[in-house]
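**Student:** Chains as they are written, first to last, in numbering that gives the first Met the number 0: chain A, 0 to 466; chain B, 0 to 466.
Be aware that one or more of the hints could be misleading.
Since copy identity is lost for identical chains, a pair holds within one copy or between any two.
The calculated lysine-lysine pairs, modelled on PhoX-like cross-linking and capped at a C-alpha distance of 20 Å, are [said to hold, decoys possible]:
{"no.": "1", "residue 1": "Lys311", "residue 2": "Lys322"}
{"no.": "2", "residue 1": "Lys236", "residue 2": "Lys462"}
{"no.": "3", "residue 1": "Lys430", "residue 2": "Lys457"}
{"no.": "4", "residue 1": "Lys213", "residue 2": "Lys240"}
{"no.": "5", "residue 1": "Lys121", "residue 2": "Lys240"}
{"no.": "6", "residue 1": "Lys215", "residue 2": "Lys236"}
{"no.": "7", "residue 1": "Lys121", "residue 2": "Lys236"}
{"no.": "8", "residue 1": "Lys240", "residue 2": "Lys99"}
{"no.": "9", "residue 1": "Lys121", "residue 2": "Lys213"}
{"no.": "10", "residue 1": "Lys5", "residue 2": "Lys55"}
{"no.": "11", "residue 1": "Lys213", "residue 2": "Lys99"}
{"no.": "12", "residue 1": "Lys236", "residue 2": "Lys99"}
{"no.": "13", "residue 1": "Lys462", "residue 2": "Lys10"}
{"no.": "14", "residue 1": "Lys430", "residue 2": "Lys55"}
{"no.": "15", "residue 1": "Lys99", "residue 2": "Lys215"}
{"no.": "16", "residue 1": "Lys430", "residue 2": "Lys462"}
{"no.": "17", "residue 1": "Lys121", "residue 2": "Lys430"}
{"no.": "18", "residue 1": "Lys305", "residue 2": "Lys322"}
{"no.": "19", "residue 1": "Lys236", "residue 2": "Lys213"}
{"no.": "20", "residue 1": "Lys311", "residue 2": "Lys321"}
{"no.": "21", "residue 1": "Lys121", "residue 2": "Lys94"}
Bear in mind the hints are in silico, worked out from the structure with no lab data behind them.
Protein chains: 2
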Amino acid sequence: MNEEVKNKLKKILPTNKLHFELSDRYSYSFDASFGEYLPEGVAQPSSAQEISEIVKLANQYGFPLYPRGSATSLSGGPLPVEGGLVLDMSQMRDKLIIDKENMIAITSPGVLTSDIHNEAEKAGLFYPPDPSSAHVSTIAGNILENSSGPKGLKYGTTKEYVIGMEVVTPTGEIVRVGGKTVKNVTGFDLTRLITGSEGLLGIVTEATLRLIPKPKDRKTMMATFHNPVDCGRAITKILSKGILPAAMELMDNACIRAVEHFEPSGLPVNAGALLILEVDGHPLALQEEIEQSREICEEIGALTIKVAESEKERNDIWTARKKVSPAITQLGPTKISEDATVPRSKIPEMMEKLNDIRDRYQLNLVVFGHAGDGNLHPNIITDKTNIEEMKRVEDAVGDIFQAALELGGTLSGEHGIGTLKAPYLEREYGKEGVALLKSIKHAWDPNNILNPGKMFAKEGQTKVVLT
Amino acid sequence: MNEEVKNKLKKILPTNKLHFELSDRYSYSFDASFGEYLPEGVAQPSSAQEISEIVKLANQYGFPLYPRGSATSLSGGPLPVEGGLVLDMSQMRDKLIIDKENMIAITSPGVLTSDIHNEAEKAGLFYPPDPSSAHVSTIAGNILENSSGPKGLKYGTTKEYVIGMEVVTPTGEIVRVGGKTVKNVTGFDLTRLITGSEGLLGIVTEATLRLIPKPKDRKTMMATFHNPVDCGRAITKILSKGILPAAMELMDNACIRAVEHFEPSGLPVNAGALLILEVDGHPLALQEEIEQSREICEEIGALTIKVAESEKERNDIWTARKKVSPAITQLGPTKISEDATVPRSKIPEMMEKLNDIRDRYQLNLVVFGHAGDGNLHPNIITDKTNIEEMKRVEDAVGDIFQAALELGGTLSGEHGIGTLKAPYLEREYGKEGVALLKSIKHAWDPNNILNPGKMFAKEGQTKVVLT
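Extracted from the complex, chain A is given alone in its bound form (with noise of 0.2 Å):
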């Protein structure tokens, strides 16, 4: 980044916006993912205006732009991979408005998704995409990956709540898209295009998203089952009674006894899978379903069943669930952690197929993840200094993907594409489809200025970026 380019920045930004010292750099040079890249400079804007002159500054010097919302990004989503700025937008936090009487809320993209949560609670609303990092992702962040979590089954995605956005175009137009209504049908989905296009399309600059009145009660059992093939069908059962959970979440047994090893609280160390099940509404309908819950899951046989009788019981509950990631996170330096995806029937055939995938590559794999929509997370515990074990990492990591896609799945539930599942697109979408995705960034993006090296492989590259 030339002394022209950074001069012309300085007219944009004030001083203090602007970052190029090494170790301001650095800071910003990875994320939550795998691999480190230096950015050759760091601007921190505070309006879709400063943005949209970033951008048009971009397009006329060529050179990349990388927007970065808290890094929570497990794919590599904001890595600044070939230089460039990085536009550091978990500044723009000023606005959040909740719009009781139309049931939205507008916000700027530096908002973190738990104040969205809070602040909609305190106005009896509900914001249902919860991702497990929601305490310190940025709702721009969350949109732009679609990341979600464990609702997906019975709310659906953040996808679902986008109903509009302020977006600054990668030839630094700033645009409107949707609106403020639920039902929008006017043009193409431009809103649903964004969500989820991992910055390639689009800065966020503002977001209005649809909320719901807020679940009146909720109640949560937990149930332990030899194998995870009776958890499935306790899963199906429950389903087929007309019950639909907020949430379904499964542990695989390594997960169990990782959990159970970090800190004993007398979780069945031979159990084959543990299910966390919650339900939300009605009260009166919920003493009922999850009554018809525990009785479904004592006639298949499930180890042990616990029902939460007050709200510490529920916290205790969820605690083995959100013990998983420190439990997991000591038992090794580096952490792969996937969201490969299939059709819910098919959980007992991944689970097999991960146990497999175990055995053959000899790595520590544990498996977790949202049992109602078939959105798995399995996490490979290794060492990124281990050449020789990255290399089976890396091998894994493609079976994975390939047995999703074999059981008509998905690479990514809601992680994304990024760096590290850019050369298996083309297996999902063939080389028809990854031509369409092209044509639309080529043609929104003509000098490839947001986020280049994502979602796309390079000529050639078959492997993921892990060795």
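Got chain A; can you put chain B on it based on the hints?
**Tutor:** Just chain B, lined up with the frame of chain A:
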């Protein structure tokens, strides 16, 4: 369409699936909106492969293609405005699989939406989108127009249920987008981009729909109010109690009068607004919700309140709503049906503006609609042979759009842009927004083969095509 092209088409399709006689072509020259346009031919394909070959032929010889389901469009969606070949997709209806375990339906494009409702219900499942034409409209037509009906507030629109498709692109490639899982963030969301694209971006040859458990029960009530403001207050108060009705249908005074005049059933003809409210879910919750809703309507001073105590009484309530269409059809030979949509809190204001427009242009304008999601249906009853009146209609329609936009709403909640709203698109999107839409169309359909003449106005066109 010259003989060479006809002969090539005969190599793709059996002769009895191709129609070039005037009488046949005439049957395909109109839809449920406005205007007649004679196609040069009609093809009734039965596979994606046949469609792919036809599309490639169209690109080679440069003739337009007009995909068409049951032609219930109210915006001109399937009208062959530039001649060419109509693709009658209603014959492709051999597949309708309900996968109970994964709660999805896999369907051919020509399957009727009501058949999906019925088959899903047999499996204890539920496909919520329910346009009033569901008993005659095809699922692919619903998808490409994102037509949705009364349940948008609680259940979202068609788009929220389409999770995968097989599509023939405008250049004749057969691609699969999305898949069988609710969570899928692999690549841009082409499924949602194509849903609601009005046939400009691809021809749907198979769709995968998300289903949900069938609600266990429902309760229905009807209330009438002095004016729309009172009705709006009742709606807001009900929602802020945490009650999320499956439907909240609104009729204005002109609409009540039309229905009562058509077939007297004791509706209060002086009421300013009629509200039909339906809640669904667990029976225990419903009892409380309908009681609370009734109390709220009483507090606000409803003129009449009727809670259905039996399925017969429920049907009686809905009959009032279902009579709207036949009742207003009796008022005149031509019906212009709009779907301008505003944020819910703006409904009373929008009703005021519609009253003004009715008075200003001295037109027969009745208003009904889906109050929960702000989706109103102002219908103008007129006579297309009355040129003088049609000019007033034209101006009134423009004012309706402008009113919706001024209140933060959108041109179209569920009918689409088609021919009838094209000149107004830029008012909502701005020049830059329209350029983004067009750039996708151009990138995917460089020869402008699929459904040309829709969504985008001709250079200099400022009015709709009514006069």
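**Student:** So, for every hint listed, does it hold in this structure?
**Tutor:** Checked hints:
no.	hint	verdict
1	Lys311 to Lys322	within (16 Å within a copy, 54 Å between copies)
2	Lys236 to Lys462	neither (40 Å within a copy, 56 Å between copies)
3	Lys430 to Lys457	within (14 Å within a copy, 34 Å between copies)
4	Lys213 to Lys240	between (24 Å within a copy, 9 Å between copies)
5	Lys121 to Lys240	between (33 Å within a copy, 13 Å between copies)
6	Lys215 to Lys236	between (25 Å within a copy, 16 Å between copies)
7	Lys121 to Lys236	between (35 Å within a copy, 16 Å between copies)
8	Lys240 to Lys99	between (34 Å within a copy, 12 Å between copies)
9	Lys121 to Lys213	within (10 Å within a copy, 31 Å between copies)
10	Lys5 to Lys55	within (14 Å within a copy, 50 Å between copies)
11	Lys213 to Lys99	within (12 Å within a copy, 29 Å between copies)
12	Lys236 to Lys99	between (37 Å within a copy, 11 Å between copies)
13	Lys462 to Lys10	neither (42 Å within a copy, 44 Å between copies)
14	Lys430 to Lys55	between (32 Å within a copy, 18 Å between copies)
15	Lys99 to Lys215	within (17 Å within a copy, 29 Å between copies)
16	Lys430 to Lys462	within (17 Å within a copy, 42 Å between copies)
17	Lys121 to Lys430	neither (48 Å within a copy, 39 Å between copies)
18	Lys305 to Lys322	within (18 Å within a copy, 52 Å between copies)
19	Lys236 to Lys213	between (27 Å within a copy, 14 Å between copies)
20	Lys311 to Lys321	within (15 Å within a copy, 50 Å between copies)
21	Lys121 to Lys94	within (16 Å within a copy, 47 Å between copies)
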